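Undergrad: Listed here are the chains, written in short residue letters.
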Amino acid sequence: MKNRLEELRKQRGIKQEELAAILEVSRQTIGSLENGRYNPSILLAFKIARFFDMPIEDIFIYEEETEREKEE
Amino acid sequence: MKKKNKNLIWYIGFGIAFALILLLFLTDFPDNVDTGIMLFTIPILSVSYTMLMFNKMMRDHDFKVEVMDERNIAIKEKAGSVANYATMFLLACATALFVALKYTLPAIVTGVIYVCNPLIIIVITNKIEKKM
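So the protein lines, in turn, are chains D and U.
Okay, so the first sequence: first residue is 10 according to this note's numbering, each after it adds one.
Okay, so the second sequence: first residue is -9 according to this note's numbering, each after it adds one.
Read the hints as simulated data drawn from the structure, not as lab findings.
Check the hints yourself; a few may be wrong.
Taking lysine-lysine and the DSBU-like style, the derived pairs with C-alpha atoms no more than 35 Å apart in a straight line are [stated by the list, open to error]: (1) U/K121 with D/K56; (2) U/K66 with D/K19; (3) U/K(-4) with D/K56; (4) U/K46 with D/K11; (5) D/K56 with U/K54; (6) U/K68 with D/K56; (7) D/K24 with U/K46; (8) U/K117 with D/K24; (9) U/K(-4) with D/K11; (10) D/K11 with U/K54; (11) D/K11 with U/K66; (12) U/K54 with U/K120; (13) U/K120 with D/K11; (14) U/K54 with D/K19; (15) D/K56 with U/K46; (16) D/K56 with U/K92; (17) U/K66 with D/K24; (18) U/K121 with D/K19; (19) D/K24 with U/K54; (20) D/K56 with U/K117.
Far from chain D, some chain U residues (derived; all Cβ distances over 10 Å) [to be verified]: (21) N(-3); (22) M43; (23) D50; (24) A64; (25) A73; (26) L81.
All values derive from a computational prediction rather than experimental measurement.
Glycine included, every Cβ here is placed at the ideal spot set by N, Cα and C.
Between the sequences and the hints, there should be enough to build the whole structure, so can you do that?
TA: So, in structure tokens, the structure goes:
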């Protein structure tokens, strides 16, 4: 799953550490989310969406084909 | 409503451990009974101490965030699962070694633990399934 987290964070001029503190997760989690190595839980996704005041689907982009390729 | 003290059980653990240590010093049981009491006391004492310290450290916000971080939890769960396979493999090796050396009792003990593991997994899975 792709996401626009890094882009949105940079747009707002926030550091990874600051975003991590706001979302109450570790900085490493933010890094992993931005790199696409880790997909957040629905709770964290909602927290992120609320923070950026955007719908979840505008931040996290679900691509069925990519997911299927990963599974294969 | 009165707030439940989550550390109470660990303080009780401490109490039990100290009572057992006193028992060791004040009584004159045979050596193997003393060893048994010691083997029973050490985990109670260490778990109680660790949990008390852990709960104390959880008052620190940064530590709490680090512990409750969902990615860290997922990593711990995955690592635990892989470690379980590794432990089972080592246990199987130990059982095979005991059988080869004709150490019947240790072979039975490790063999029973080996067989019990999937049963424990099934029981825990069923319990978790009901909660989720």
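Undergrad: None of the hints should be skipped; say for each whether it holds.
TA: Status of each hint after checking the structure:
1. U/K121 with D/K56: 24 Å, holds
2. U/K66 with D/K19: Measuring from Cα to Cα gives roughly 30 Å; hence the hint holds.
3. U/K(-4) with D/K56: Holds - the C-alpha atoms of D/K56 and U/K(-4) are around 29 Å apart, at most 35 Å.
4. U/K46 with D/K11: 39 Å, violated
5. D/K56 with U/K54: 18 Å, holds
6. U/K68 with D/K56: 24 Å, holds
7. D/K24 with U/K46: Between D/K24 and U/K46 the Cα gap is close to 30 Å, so the pair holds against 35 Å.
8. U/K117 with D/K24: 41 Å, violated
9. U/K(-4) with D/K11: Not satisfied, since the Cα-Cα distance of roughly 41 Å exceeds 35 Å.
10. D/K11 with U/K54: 29 Å, holds
11. D/K11 with U/K66: OK: D/K11 and U/K66 at ~24 Å, within 35 Å.
12. U/K54 with U/K120: 27 Å, holds
13. U/K120 with D/K11: Between U/K120 and D/K11 the Cα gap is close to 33 Å, so the pair holds against 35 Å.
14. U/K54 with D/K19: Status holds; Cα separation ~27 Å.
15. D/K56 with U/K46: 28 Å, holds
16. D/K56 with U/K92: Violated, because 60 Å separates the two Cα atoms, which is more than 35 Å.
17. U/K66 with D/K24: Cα-Cα ~26 Å, so holds.
18. U/K121 with D/K19: 40 Å, violated
19. D/K24 with U/K54: Distance ~21 Å between D/K24 and U/K54 Cα, so the pair holds.
20. D/K56 with U/K117: 29 Å, holds
21. N(-3): Nearest chain D Cβ is 24 Å from U/N(-3), so the label holds.
22. M43: 21 Å, holds
23. D50: Given that every Cβ of chain D is farther than 10 Å from that of U/D50, nearest at about 13 Å, it holds.
24. A64: 8 Å, violated
25. A73: 21 Å, holds
26. L81: 32 Å, holds
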